[in-house]
Amino acid sequence: MTKITEVPSPFCGIGTDDLAVQVDGLSIKVTKNGCSVNTPAFEQAMTDTSPRVDGKEVSILHAVNRAAKILSRANQPVIGGCATDVNGMRALMALADRKGAVVDNMNFTGAKRNFLAMQDSGWMNTTLAEIKNRCDLFVVIGCDLEVFAPRFYERYLWNEESMFLDDTSMREVVYIGKAPSGNASTSPNKSKAKVLECANADLPEVVAVLRALIKGNPVFSEQVGGMAVNDLQEIADKLKVATYGVVIWAAGALDFSQAELTVQTVCELVKDVNESGVRCSGFPLGGKEGDQTANQVCGWQTGYPARMRFSSDIPEYDPFLYDINQMFENGEVDGFLWVQAFNTKAVPPHGGKIPTVVVGRSGMVFEEEPEVYIPVGTPGIDHSGHAYRLDNVVAIRLKKLRDSGLPTTAEVLTAIEQAVVV
Amino acid sequence: MLTKLTGGIVFDPANKVNGKKKDIYIQDGRIVSKPRNAEPDKEYNISGKVVMAGAIDLHTHIGGGKGNIARMLMPENHRMDPVAHTEIKRAGTGHAMPSTFTTGYRYAEMGYTAAFEPAVLPVNARQAHMEMGDVPMLDKGGYVLMGSDDYFLRMMAANKDQQAINDYVAWTIRSAQGVGIKVVNPGGISAFKFNQRQLDLDENNKHYNVTPREILKSLATAIKELGIKHPLHVHGSNLGVPGNFQTSLDSMAGVEGLPMHLTHIQFHSYGTEGDFNFSSGAAQIAEAINKNKNISVDVGQIMFGQTVTASGDNQRQFANHGFASPNKWVCMDIECDAGCGLVPFKYRDQNFVNALQWTIGLEIFLLVKDPWRIFLTTDHPNGAPFSSYPHLIRLLMDKSFRNDMLATIHPEAQKMTTLGSIDREYTMQEIATLTRAGAARITGLVGRGALGKGDWADITVYSENENREKMFEKPDYVFKDGELVVKDGEVVKVVWGTTHVVRPEYDKSVEKDLKKYFDKYMTMKLGNFSISDDEITEDGRGSLTVHPTVGEKV
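Chains A and B, in that order, give the protein sequences. One point on numbering: in numbering that gives the first Met the number 0, the residue at position 167 of the first sequence is 166, and numbering is uninterrupted. One point on numbering: in numbering that gives the first Met the number 0, the residue at position 13 of the second sequence is 12, and numbering is uninterrupted.
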């Protein structure tokens, strides 16, 4: 039995790296600083150890060759999921480049809202340590933060000491849109978050009015999205006197049509506060299961985030056309590779009769067995690696915790790449 | 295998060889003397062709978080410059901020064999090395950014002694696997987080009561005492502000004779004269550089066209966001460590300020006398993409071409510059100094940038051409560590260079206080912060080359 401390997690996105685990053979137990996201992800039992083809256990070589055949035959191969570590993503990109595949990260539909806003007008953002040490006003827009990241408040707002605040429990928390489901946002001095609740559908209007108020534009209506404009005025005023306000949103939670425009309004209102002579920063939440890793690696290798294709031998980016769910719907896919090294529940989207290869975490249960399933190690458990935190700046060095003998995503995808016929 | 390059005209300033016909022998990746009894296995007849060491870019933003934000910010810029994959090359995109593979291929295809990322944030160093790990063909390395990190500023505010600062600097450069130390707008990135919108050389960071001058002095001293060869790499205060040539002169005086490298000095050489209150300070800057032997500079020449500015200086980038073209920009505060700002820019020859910026850069190139202390950069991608270097070389080597270009820019800028009256044309040997021998010397590289016995065989062979742009954009051959990697301006073999680092000694007890600081204020554990060697080498392509440090005191 081995105890390992300072274990970083690739699962929660917020880069917790203070977990302690106990490893006994293949079994892992989180003994310190676990949470409802990380603990089950670390402790999940390993089941599959052999690859399967047509549901039958086969050698890795056999599985790799069959996977290569499926991709070789395809006119429009598609690689989805893209949930792995940096080296896994590097191998995925090499394979996609060689075979002319579409690459689509599984959470891109959410991330797209951020990319569209960023690529149209930009943003002013911050990172976790700045929040921890500077933030005196924390405005959460349209998401239930403690469900997303159970330890966010404990680690980054209710920390005992900070460099630039005398008393961290005096930080103010405001929710606009979704109300918090628990009490994590209640300060240690018992002050509760101020909540201006509204439906998601009303957020575009509410955020637009908040921006107008920050800019000092006249607003004639007294109510917006079921809340008093005066209440929003109060938030606008707070942002304009805060020392270091932070406005946080989760693009994935803004699940309505053209939510990128709401993201853009949030980003622009942050800029407006800065233009008015006060510091303020945005903070997009995301980055679970390798989202940022996929976008970062795809970004430096091609110049584009992870919804792109190599079909014409060059990288091409289109956040709408290369949405694999759309492509499935339109019957545009004839060979599918799903890569998901973190989450056994994230099985490939329904592909009908399309030949499918899954390179996934051991223990995936399929409604429909794919032609090829190759269980791989999980980065940060079965092998070392790198994963990006949600703020995109910090890449954490993942540790190997046990000897499972499972191959890495990178090894499997590189083997497939070498076996593929172009 | 023994390779012979026969009959080339060699320009090797490191060994004082100036345009001499000379055969070169290569064995096991290095240059060797003519063997007594061995016949070459492979001979290249390069009779009459120009031979130099592989070129070295000592300041180019090729790897790290802000560059990747710049890439993702500008899909429209990539769409105009897609790069298809080939049998040996990966697909990618240009133009302003190319993808990593394309960066490596394009540099090599212009005869470059090494490039240094000048702004590696310690907290983002992993990313910088991972990106550079995907840059083929080149050796690389990074300057680690300090001076606005809260740990350092707390030390300054607490009047810690120089030894303690030295230990922290050494610990930082080792944890981030760097080859030098850079400071960007000293203390100004931090000041912006406290809502200070500008910071002059002698102005206090309002939280720490520390001035940029004190920061420069402290870090430059640390580098000298630790024996790090590359002088403190300084992106000065007041970037882009008219009148900032005075800040640059004061900064030079401020380090009191300590070695200091002022980067992209063009952006820091502006006066306030004339009808537009914007003028050239190049003459004063060049005079000061000529006089102060402790100072070196790279120019950061601008070229007309679309690019994106990517800088750690979020204070100045925020101030300049109104110039964004297209109108989109990103600023970030980063991890109590630093920051970054990305502002797309389109430099226009018919814009007075841009036109004068162009002349200021060239004036500095031509007025600084010692080619060992000035280096050829565009601060890629900030002044222009690195792919414009051959054009820049022609501007330096060809006076009539330069004057033809000068005649096309904004007429008021033509009136405000002395450029047309400067006769100097760079010689081949001077170009070899700027881009090879001098760059290797100032970055502390051993065995690079030179063609002597025992040096690594990074070699570029060009066909002589009156049109220097044509000559330098397409070498006949490039050898990397003795292997032929480029032929007729095309990559023929993909190779992976080494990562250059230095490892100054330090007192390990510095980690005690750092651990406390990390536990209390940071968002990761100290033990997870430092980059281990295997992170760079485990992919089987990367390697590390440690260069010596000779400290005055340790």
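Quick caveat, the hints were computed from the structure, so don't treat them as lab data. All values reported here derive from a predicted model rather than from experimental measurement. All C-beta atoms in this analysis are idealised placements derived from N, C-alpha and C, irrespective of residue type, glycine included. There's no promise every hint is true.
What the hints assert, rightly or not - With beta-carbon atoms standing in for the labels, derived distance ranges: (1) A:Q325 / B:G273: 54 to 60 Å; (2) B:R196 / A:N216: 23 to 29 Å; (3) A:N216 / B:N203: 34 to 40 Å; (4) A:K191 / B:Q161: 47 to 53 Å.
How the hints compare with the structure:
Judged by the Cβ atoms, the range 54 to 60 Å given for Q325 (chain A) and G273 (chain B) holds: they are separated by roughly 57 Å. A hinted range of 23 to 29 Å holds for the C-beta pair R196 (chain B) and N216 (chain A), which are about 24 Å apart. A beta carbon spacing of about 37 Å between N216 (chain A) and N203 (chain B) agrees with the range 34 to 40 Å that was offered as a hint. Remark: the range hint 47 to 53 Å for K191 (chain A) to Q161 (chain B) is upheld by a beta-carbon distance near 49 Å.
When each numbered hint is compared with the structure, no violation occurs for any of them.
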